[in-house]
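Start from the sequences, fold in the hints, and give me the full structure.
Protein chains in written order, with UniProt numbering: chain A, 1 to 151; chain B, 1 to 472.
Keep in mind the hints are simulated off the structure, nothing from the lab. A quick note: this is a predicted structure, and the numbers were derived from the prediction, not measured. Any given hint could be a false lead.
To be verified - Label pairs and their calculated CB-CB ranges: (1) D88(B) / S68(A): 22 to 32 Å; (2) M112(B) / Q107(A): 35 to 45 Å; (3) N223(B) / D59(A): 39 to 49 Å; (4) T99(A) / R131(B): 21 to 31 Å; (5) R9(A) / K27(B): 29 to 39 Å; (6) G21(A) / D88(B): 36 to 46 Å; (7) D88(B) / Q67(A): 25 to 35 Å; (8) P39(A) / S30(B): 16 to 26 Å; (9) G52(B) / V149(A): 29 to 39 Å; (10) Q117(A) / T91(B): 30 to 40 Å.
Claimed, not checked - Beyond 10 Å from chain A on every Cβ pair, some chain B residues (computed): (11) P4; (12) P16; (13) W18; (14) V94; (15) K200; (16) D211; (17) D220.
Note that beta-carbon positions come from the ideal geometry of N, C-alpha and C, so glycine has one too.
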Amino acid sequence: MEVVQLQTRFVEYTASLFREGYLDAQFTQLQQLQDESNPDFVVEVVSLFFEDSERLLNDLTRALNQQSVDFKKVDANVHQLKGSSSSIGAQRIKNACITFRNFCDEQNIEASLRCLQQVKQEYSLVKNKLDTLFRLEQQIVAAGGSIPVME
Amino acid sequence: MPFPAGLRVLVVDDDPTWLKILEKMLKKCSYEVTTCCLAIEALKLLRQRKHGFDIVISDVNMPDMDGFKLLEHVGLEMDLPVIMMSVDGETSRVMKGVHHGACDYLLKPIRMKELRNIWQHVFRKRIHEVRDIESHEGIEEIQMMRNGLDQSDDGYLLSGGDLTSGKKRKDVENKHDDKDFGDPSVKKARVVWTVDLHQKFVKAVNQIGFDKVGPKKILDLMNVPWLTRENVASHLQKYRLYLSRLQRENDLKASFGGIKHSDLYSKDTAGSLCLQNSINMQQNDSANGNYGFSGNTILVQGVDPKIHEGDVKGTISVPIAEPKNAMISDIPDPQKASSSQAGHNHSFRPLKSDVNYAAFDSTITQYSWNGEVPDIQFKQVHEPYLQLKDGFSHLPLPGDPQHHIPVNGRPTTPSINLRPLNTAGDKLTAIEIKPSYAKHRSNHIRHVAPLGSAIDLYSVQSESHLANFHAS
Chain A
1 MEVVQLQTRF
11 VEYTASLFRE
21 GYLDAQFTQL
31 QQLQDESNPD
41 FVVEVVSLFF
51 EDSERLLNDL
61 TRALNQQSVD
71 FKKVDANVHQ
81 LKGSSSSIGA
91 QRIKNACITF
101 RNFCDEQNIE
111 ASLRCLQQVK
121 QEYSLVKNKL
131 DTLFRLEQQI
141 VAAGGSIPVM
151 E
Chain B
1 MPFPAGLRVL
11 VVDDDPTWLK
21 ILEKMLKKCS
31 YEVTTCCLAI
41 EALKLLRQRK
51 HGFDIVISDV
61 NMPDMDGFKL
71 LEHVGLEMDL
81 PVIMMSVDGE
91 TSRVMKGVHH
101 GACDYLLKPI
111 RMKELRNIWQ
121 HVFRKRIHEV
131 RDIESHEGIE
141 EIQMMRNGLD
151 QSDDGYLLSG
161 GDLTSGKKRK
171 DVENKHDDKD
181 FGDPSVKKAR
191 VVWTVDLHQK
201 FVKAVNQIGF
211 DKVGPKKILD
221 LMNVPWLTRE
231 NVASHLQKYR
241 LYLSRLQREN
251 DLKASFGGIK
261 HSDLYSKDTA
271 GSLCLQNSIN
281 MQQNDSANGN
291 YGFSGNTILV
301 QGVDPKIHEG
311 DVKGTISVPI
321 AEPKNAMISD
331 IPDPQKASSS
341 QAGHNHSFRP
351 LKSDVNYAAF
361 DSTITQYSWN
371 GEVPDIQFKQ
381 VHEPYLQLKD
391 GFSHLPLPGD
401 PQHHIPVNGR
411 PTTPSINLRP
421 LNTAGDKLTA
431 IEIKPSYAKH
441 RSNHIRHVAP
451 LGSAIDLYSV
461 QSESHLANFH
471 AS
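Put into structure tokens, the structure is as follows:
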């Protein structure tokens with residue numbers, strides 16, 4: 001595929017992610033931080049995020065499936081996830097975390113489990129989208145083009 | 001590179017993603033960045049590299065230590081500006097940050113432009129320190145002239161009473177000597193009580209025996225040629241106050257057992273207190289370890305004012321997570337120390353208006369002791385930032401606490417009458433808070449404040465801290 005086509009697709013795809021609320025302005029910040037000294041900055045940061053999130057989601061699953069649920073711990077984990085999702089601009093995860101925390105406050109196990117599901121879902125979605133985006137980038141570079149920088 | 005390029009920033013965040021992003025952002029601002037994902041690591045780094053950093057940025061939620069506690073430590077020990085960060089922007093949290101002395105509180109996601117401006121906190125602090133020192137010297141001169149030498153520590157302790165005639169004679173001679181040097185128009189050189197110096201002091205005190213101690217004896221033992229008797233005397237006074245505060249806290253701990261309060265330290269906090277205490281213990285060359293200062297200061301923090309009303313007999317109700325005595329290895333007998341002051345009526349002069357207090361926890365600004373000890377009004381300073389300068393001589397302790405004070409049989413609590421800081425009535429009125437430097441020692445504080453705060457001086461005797469303070 002031609003570089004220009006790839007680049008256009010990239011731009012459109014990115015725009016859709018913003019439009020659909022998967023990503024917010026923080027992601028743009030990350031893209032702007034990327035430079036020659038750190039050409040893979042965004043991918044690196046996002047990878048860190050994936051790793052950390054998966055760990056947190058596992059912890060959350062474990063914590064909520066205990067005989068006696070420690071909501072303080074659950075809340076702390078959700079708070080962490082909220083913080084790290086805000087780091088890459090993963091808006092929908094962040095919002096899901098906010099809802100989640102409310103149920104933690106109420107110590108509502110059922111609702112919390114549902115929220116966990118929701119968060120996991122959002123996480124999968126955004127992970128897929130970002131993987132797709134990075135693949136597009138790689139294709140552009142492989143085709144000899146440069147990755148368009150968003151405003 | 002022109003300022004602020006090269007600003008040395010320490011970033012503390014347990015979130016690896018944020019840590020990486022912040023590092024990149026700060027580097028783009030041309031700052032020199034060090035990252036840390038644990039609060040304990042951060043403190044270690046800061047202690048190892050004293051003067052190695054200009055500013056600290058830390059997330060509020062750290063796994064090994066509450067960010068607010070880290071904030072306190074840094075402010076006290078290193079006196080660096082600290083910026084807090086959190087994804088949680090609740091006003092109460094932000095307020096807590098400010099109260100603990102944060103010079104700023106950033107909400108995540110943090111933009112680069114917010115980081116670009118952090119140099120102003122460093123700059124502002126430096127300017128204010130210089131200003132404070134300058135005005136401090138001015139006030140000192142005026143007060144010296146106003147009070148006259150008799151009010152100096154020398155005169156004070158001398159008149160108080162070395163009752164042994166031999167010593168008195170010697171002291172009188174010394175007084176004459178000091179008087180020669182004590183020309184009111186001459187500014188007293190400020191003594192920096194470094195960790196080493198303080199250790200010499202404590203060693204001397206222990207050698208002499210706490211109840212027999214006196215400035216001249218200590219001075220002789222310390223063998224520090226440039227140190228004056230007056231310096232030692234005022235330092236000794238502060239030391240005593242510190243010890244008596246510790247003793248009261250210990251008692252409180254003993255009597256505290258039954259009081260449950262949901263606002264008090266949660267298990268986590270207590271755990272982290274222990275942690276901090278042990279951190280201090282590990283500080284090998286520092287007198288801090290002996291005092292466990294951070295433990296003390298932090299203790300003041302979480303106290304709910306409700307406890308105080310009528311519940312506690314004249315002591316600060318501060319739960320101590322760990323026996324303080326264990327940490328005070330250099331002090332021979334704190335019990336003895338404070339009982340040597342028991343039965344004494346010390347009245348402290350009411351604080352003058354030039355006293356500025358460092359940040360106070362909003363929950364404890366209004367404090368009055370009811371019941372058993374009606375005269376004591378305490379201000380809980382969890383930002384124990386009252387720096388008493390050694391040059392400062394008005395700590396009017398009536399009677400000489402150093403020799404043979406009759407112990408009145410009461411276990412520990414010295415009966416001390418303190419005037420309310422702001423004089424009006426029973427309630428302590430609001431204290432002036434300097435928002436940006438809430439953490440900083442206020443150089444305007446001259447008088448001995450309520451006991452709690454005065455002792456906190458002891459809390460921070462780290463070299464760098466004092467060195468910074470004296471930097472002119």
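**Prompt:** Should the label of V94(B) as a non-interface residue stand, given a Cβ cut-off of 10 Å to chain A?
**Reply:** 16 Å, holds
**Prompt:** Per the stated criterion, does the least C-beta distance between P16(B) and chain A lie above 10 Å, as a non-interface residue requires?
**Reply:** 5 Å, violated
**Asked** Is the gap between the beta carbons of G52(B) and V149(A) within 29 to 39 Å?
**Response** With Cβ atoms ~36 Å apart, the hint holds.
**Request:** Using the Cβ atoms, figure out if R9(A) sits within 29 to 39 Å of K27(B).
**Result:** Holds: the Cβ-Cβ distance is about 32 Å, inside 29 to 39 Å.
**Asked** So does G21(A) sit 36 to 46 Å from D88(B), Cβ to Cβ?
**Response** 21 Å, violated
**Message:** Does the beta carbon distance between M112(B) and Q107(A) stay inside 35 to 45 Å, or does it fall outside?
**Reply:** 39 Å, holds
**Prompt:** Could one say that the CB atoms of P39(A) and S30(B) fall in the range 16 to 26 Å?
**Reply:** Holds - the Cβ-Cβ distance for P39(A) and S30(B), about 20 Å, lies within 16 to 26 Å.
**Asked** Between N223(B) and D59(A), is the Cβ distance one that fits in 39 to 49 Å?
**Response** 58 Å, violated
**Request:** Would you check whether the claim that K200(B) is not at the interface survives, using Cβ distances to chain A and the 10 Å cut-off?
**Result:** 46 Å, holds
**Request:** Just tell me: holds or violated, for the beta carbon distance of D88(B) and S68(A) against 22 to 32 Å?
**Result:** 26 Å, holds
**Prompt:** Does the hinted range 30 to 40 Å hold for Q117(A) and T91(B) at CB?
**Reply:** 32 Å, holds
**Item:** Verdict on P4(B) as a residue remote from chain A, using beta-carbon distances over 10 Å
**Value:** Holds: least Cβ distance 19 Å, greater than 10 Å.
The structure is inconsistent with the numbered hints 3, 4, 6, 12 and 13, although it conforms to all the rest.
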